[in-house]
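All chains should be modelled from the sequences, with the hints used to inform the complete structure.
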Amino acid sequence: MKPTDINDPEYFHKVVDCQYACPAHTPVPEYIRLIAQGKYTEAYMINWESNVFPGVLGRTCDRPCEPACRRVRVEEEPVAICRLKRVAADNKSNVKPFMPQGPFPSNSKKIALIGGGPASLTVARDLAPLGYEIHLYDEWESGGGMMRTQIPSFRLPLEVLNEEVNYILDMGIHTHFNHYVDSMAQILSKDYDAIFVGTGAPRGRQLDLPGYKEAQQHVQIGIEFLANVAFEHTEEIGKKVIVLGGGNTAMDCCRTSKRLGADHVYVVVRSPKADMKASPWEIDDAEREGINILNNLPPKAYVMENGKFIGMHFEHVQAVYDDNGKRKLIPTGEEDLFIEATDVILAIGQDNAFPWIERDLGLEFGKWNLPVLDRNTFQSTLPKVFFGGDAAFGPENVITAVAHGHQAAISIDLFCKGESLAKRPAPMTNLISQKMGIHEWTYDNHIADDLRYLVPHEDNEKALKDRKVEVELGFGKETGFKEAMRCLNCDVQTVFATNLCIECDACVDVCPTDCITFTENGEELELRERLNAPALNKSQDLYVSDILPTARVMVKDEDVCLHCGLCAERCPTAAWDMKKYLYNVTKSYEQDGAGVTI
Amino acid sequence: MSYIKPQFHHPELKKNKVGYYKTDYEGVISTLCAGCGHDSISSAIVHACYEISLEPHRLAKLSGIGCSSKTPAYFLSNSHGFNSVHGRMPSVATGAGLANRDLIYMGISGDGDTASIGMGQFVHAVRRNINMVYIVMNNGCYGLTKGQDSATADFGSISKSGSENPYTAIDLVGLALELNAGFVGRSFSGDKSQLVPMIKAALSHPGFAFIDVISPCVTFNNNQGSTKSYSYVRDHIEATSVLDFVPFEEEIKVDYEDGTSAELELFNGSKIVLSKISSHWDPRNKILAKKYLNESKENGQILTGLFYIDTETESFHKKLNTVTTPLNKLSKNDLCPGSSKLTDINKTFM
Numbered sequence: 305m306k307p308t309d310i311n312d313p314e315y316f317h318k319v320v321d322c323q324y325a326c327p328a329h330t331p332v333p334e335y336i337r338l339i340a341q342g343k344y345t346e347a348y349m350i351n352w353e354s355n356v357f358p359g360v361l362g363r364t365c366d367r368p369c370e371p372a373c374r375r376v377r378v379e380e381e382p383v384a385i386c387r388l389k390r391v392a393a394d395n396k397s398n399v400k401p402f403m404p405q406g407p408f409p410s411n412s413k414k415i416a417l418i419g420g421g422p423a424s425l426t427v428a429r430d431l432a433p434l435g436y437e438i439h440l441y442d443e444w445e446s447g448g449g450m451m452r453t454q455i456p457s458f459r460l461p462l463e464v465l466n467e468e469v470n471y472i473l474d475m476g477i478h479t480h481f482n483h484y485v486d487s488m489a490q491i492l493s494k495d496y497d498a499i500f501v502g503t504g505a506p507r508g509r510q511l512d513l514p515g516y517k518e519a520q521q522h523v524q525i526g527i528e529f530l531a532n533v534a535f536e537h538t539e540e541i542g543k544k545v546i547v548l549g550g551g552n553t554a555m556d557c558c559r560t561s562k563r564l565g566a567d568h569v570y571v572v573v574r575s576p577k578a579d580m581k582a583s584p585w586e587i588d589d590a591e592r593e594g595i596n597i598l599n600n601l602p603p604k605a606y607v608m609e610n611g612k613f614i615g616m617h618f619e620h621v622q623a624v625y626d627d628n629g630k631r632k633l634i635p636t637g638e639e640d641l642f643i644e645a646t647d648v649i650l651a652i653g654q655d656n657a658f659p660w661i662e663r664d665l666g667l668e669f670g671k672w673n674l675p676v677l678d679r680n681t682f683q684s685t686l687p688k689v690f691f692g693g694d695a696a697f698g699p700e701n702v703i704t705a706v707a708h709g710h711q712a713a714i715s716i717d718l719f720c721k722g723e724s725l726a727k728r729p730a731p732m733t734n735l736i737s738q739k740m741g742i743h744e745w746t747y748d749n750h751i752a753d754d755l756r757y758l759v760p761h762e763d764n765e766k767a768l769k770d771r772k773v774e775v776e777l778g779f780g781k782e783t784g785f786k787e788a789m790r791c792l793n794c795d796v797q798t799v800f801a802t803n804l805c806i807e808c809d810a811c812v813d814v815c816p817t818d819c820i821t822f823t824e825n826g827e828e829l830e831l832r833e834r835l836n837a838p839a840l841n842k843s844q845d846l847y848v849s850d851i852l853p854t855a856r857v858m859v860k861d862e863d864v865c866l867h868c869g870l871c872a873e874r875c876p877t878a879a880w881d882m883k884k885y886l887y888n889v890t891k892s893y894e895q896d897g898a899g900v901t902i
Numbered sequence: 017m018s019y020i021k022p023q024f025h026h027p028e029l030k031k032n033k034v035g036y037y038k039t040d041y042e043g044v045i046s047t048l049c050a051g052c053g054h055d056s057i058s059s060a061i062v063h064a065c066y067e068i069s070l071e072p073h074r075l076a077k078l079s080g081i082g083c084s085s086k087t088p089a090y091f092l093s094n095s096h097g098f099n100s101v102h103g104r105m106p107s108v109a110t111g112a113g114l115a116n117r118d119l120i121y122m123g124i125s126g127d128g129d130t131a132s133i134g135m136g137q138f139v140h141a142v143r144r145n146i147n148m149v150y151i152v153m154n155n156g157c158y159g160l161t162k163g164q165d166s167a168t169a170d171f172g173s174i175s176k177s178g179s180e181n182p183y184t185a186i187d188l189v190g191l192a193l194e195l196n197a198g199f200v201g202r203s204f205s206g207d208k209s210q211l212v213p214m215i216k217a218a219l220s221h222p223g224f225a226f227i228d229v230i231s232p233c234v235t236f237n238n239n240q241g242s243t244k245s246y247s248y249v250r251d252h253i254e255a256t257s258v259l260d261f262v263p264f265e266e267e268i269k270v271d272y273e274d275g276t277s278a279e280l281e282l283f284n285g286s287k288i289v290l291s292k293i294s295s296h297w298d299p300r301n302k303i304l305a306k307k308y309l310n311e312s313k314e315n316g317q318i319l320t321g322l323f324y325i326d327t328e329t330e331s332f333h334k335k336l337n338t339v340t341t342p343l344n345k346l347s348k349n350d351l352c353p354g355s356s357k358l359t360d361i362n363k364t365f366m
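Chains as they are written, first to last, in our numbering: chain A, 305 to 902; chain B, 17 to 366.
In short, the hints are calculated from the structure, not lab data. Mixed in with the good hints there might be a few duds.
Quick list of the computed label-pair ranges, beta carbon to beta carbon [stated by the list, open to error]:
#1 B/S177 with A/I742: 16 to 24 Å
#2 A/T854 with B/G111: 40 to 48 Å
#3 B/D118 with A/P584: 49 to 57 Å
Calculated pairs, BS3-like style, for lysine-lysine (alpha carbon to alpha carbon, straight line, at most 25 Å) [unchecked claim]:
#4 B/K335 with A/K883
#5 A/K884 with B/K162
#6 A/K739 with B/K21
Yeah, the Cβ is synthetic: ideal placement off N, Cα and C, and Gly gets one too.
Given below as structure tokens:
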């Protein structure tokens, strides 16, 4: 193998698994350390800079970081990264002074943002400090998009959402609420220099089964139901509710129904439980509230009796997987199941819909009626129009929308300056030794054995009475500290200097997870087999040194390195050093002209 | 500075035949200097015991005083241990061995502990063929008292302070051969591929097994001009052969070329395979071993490997005709068989 190029900014970035997995690449270990130090405001600002909505995401994020956490590979449960973010948000002091302060000198460019969700708000935040005049359009009476309409208050209190939406709107954003944009041509005819579309995936799927016509008034679309509840247009529901679908929207719908007065709530899912799209913790929370989740039951018909809707029929199926893992639902032949109901809520998926964009503007649409976009720049075929969030590539999540927003903002800024959109700014990186003295580090390198701490919940009785009572109470400061100590500090990198090594084997002997081997060089696959502990996880890199005096190389398997620093402590010549790697995705307002061309 | 080892180990780590992980053979975190050769020897002992599936409670670690003698704290935390007086480890080993012949004894000593203050004890342990493994962590200096030349420092070797050693060195390997030790080897802390099988073989040897391990003192004897520094040893090391230890009932997996390998069976059925040896080398021939050793010394080489093994050695238990049961397991009836037995004995004098 060739010696590893640690100057490639992505090499050490990949070692920080959580940050690498995060669509916005938030520097997770950095803020977790600050939480452990009680520096909640600083921890919040690191988040805010990167993911814009720490309080919202600390409660509702899909957490792509957690399955990636190294702790999963050496212990079992990941660090509760998401809930630690909330600890920072809950305990911060006044953060406003640390944010860009308006009014910003104008650059006489005007931008329209269609839709007021996380993608648009991110674009607004990233562009406002540069002097853009930003106009934000949204059909609802306030901003936040799906964070407001689709996430119930018992998961995300309004105050938290309002606070973080307002940090952005207060930067001098011109808001046009209660304004449904029904024509792209009209927006194009105004003098905007660029337009960003962040309208989400607003169309919930219908389910036209036998009996639908008659039962129609008892059938609601999940996301519309949630929006109506959020804006207090819907305040009650029947006593017996069937929710169809196995995603997070289904979980929100069933739990909301329970709070609006339903006694019996069934979530009925076509597929087996293991295949459900909902996050496991959302399923747990629903079940904890006494909601029945029934699996392997595709709906068959809406049932009427004497002109009255009485429930639904479901077919029993069994999931069969072929050799490629493709699933087929095979009827078992059992008698259909009838579930009594007064209401049905459909949460079986969302689609993109752009009925308001005329098809003769030169803005092309492709597969699934999605706009044709450049994957990196988010530019559409109409150069001044950009897309982001669910509107770009279909339904994802808040953190992905934020990541899109950052990149779209960079594109819009380059576009308005007349520069090439392909010239993306390089990430800001920094690699600093953590050495304080002999065997002393600036980070806490002790590896905590603690198992993942559980977030306390509000009593069911109290929580189910009022839909605005937040269910999760969050970690207190003390538990937050203990959970933060579980972090392995993967951003503190083991950096090897070939020229200093005397090959004494001290690092090999002390490494608790047998990551380090001195051996003859070879091809990667073959080398992986003959290390001190075979490096079977190929998604993790091998760190290979230059040739040493004994003609061998140092090979370190990054997979289960604990970043405990013992290799560096036992190294007599400081050939190993522990260096903190900071990787920050450059935002539009942080550009200094340096960039990488894609 | 870290004082506690992380509890996590590599998820692919396998249990050995007796159900232990390699980590079960480790000790507390070392307080020796970073980069000390002794730590590598500790690690080699851990590997050897794990690989031959030794149950930790069957082994007793014995040591004297010095950096080397601290190391039993850093391996086999689940084994027995006795940290004795400077240079007196062989006496303790003799006593322990006589009292309980069921345990495996591993003596850890240094060049000071063996070649200076403990010399009088060492030679008698060899002569009596005490059933033990005797490892000398040999760094040629007194590391614990800031690196003065020890009795094994080579003539002319330059110390860290710049002075040349005016005395000739005691060659512990030569001495052990002279005193009829049944297992004599030398290795280097930086070469685990040689050291680990050698320790495994030594643990299976039924008498006194001596291993001299050159172990650079990274703080006081790793300077230019020292003959026991990492770089000097690497430049001058010469292995007699490649050593492989094959435990009883396991198959020899590697095919060795004819005429370049030798197979030695130990009393417990395990085998030592020596490969890449020159055709006229036989580790059962002591005269040859001495000859090679002297020649290499003349050539300025550091010869390593298994020099001599007596596969038919007579242990001191046999010499002394000791009772086969450990003393602590002898019952009152065994120890005091009663007056009729006494009468029987007395009759033999009449």
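The hints, checked one at a time:
1. B/S177 with A/I742: 16 to 24 Å: This hint holds: roughly 22 Å between Cβ atoms.
2. A/T854 with B/G111: 40 to 48 Å: The hinted range 40 to 48 Å holds for A/T854 and B/G111, with Cβ atoms some 43 Å apart.
3. B/D118 with A/P584: 49 to 57 Å: 53 Å, holds
4. B/K335 with A/K883: 61 Å, violated
5. A/K884 with B/K162: Given that 25 Å is the threshold and the Cα spacing comes to 35 Å, the pair is violated.
6. A/K739 with B/K21: 19 Å, holds
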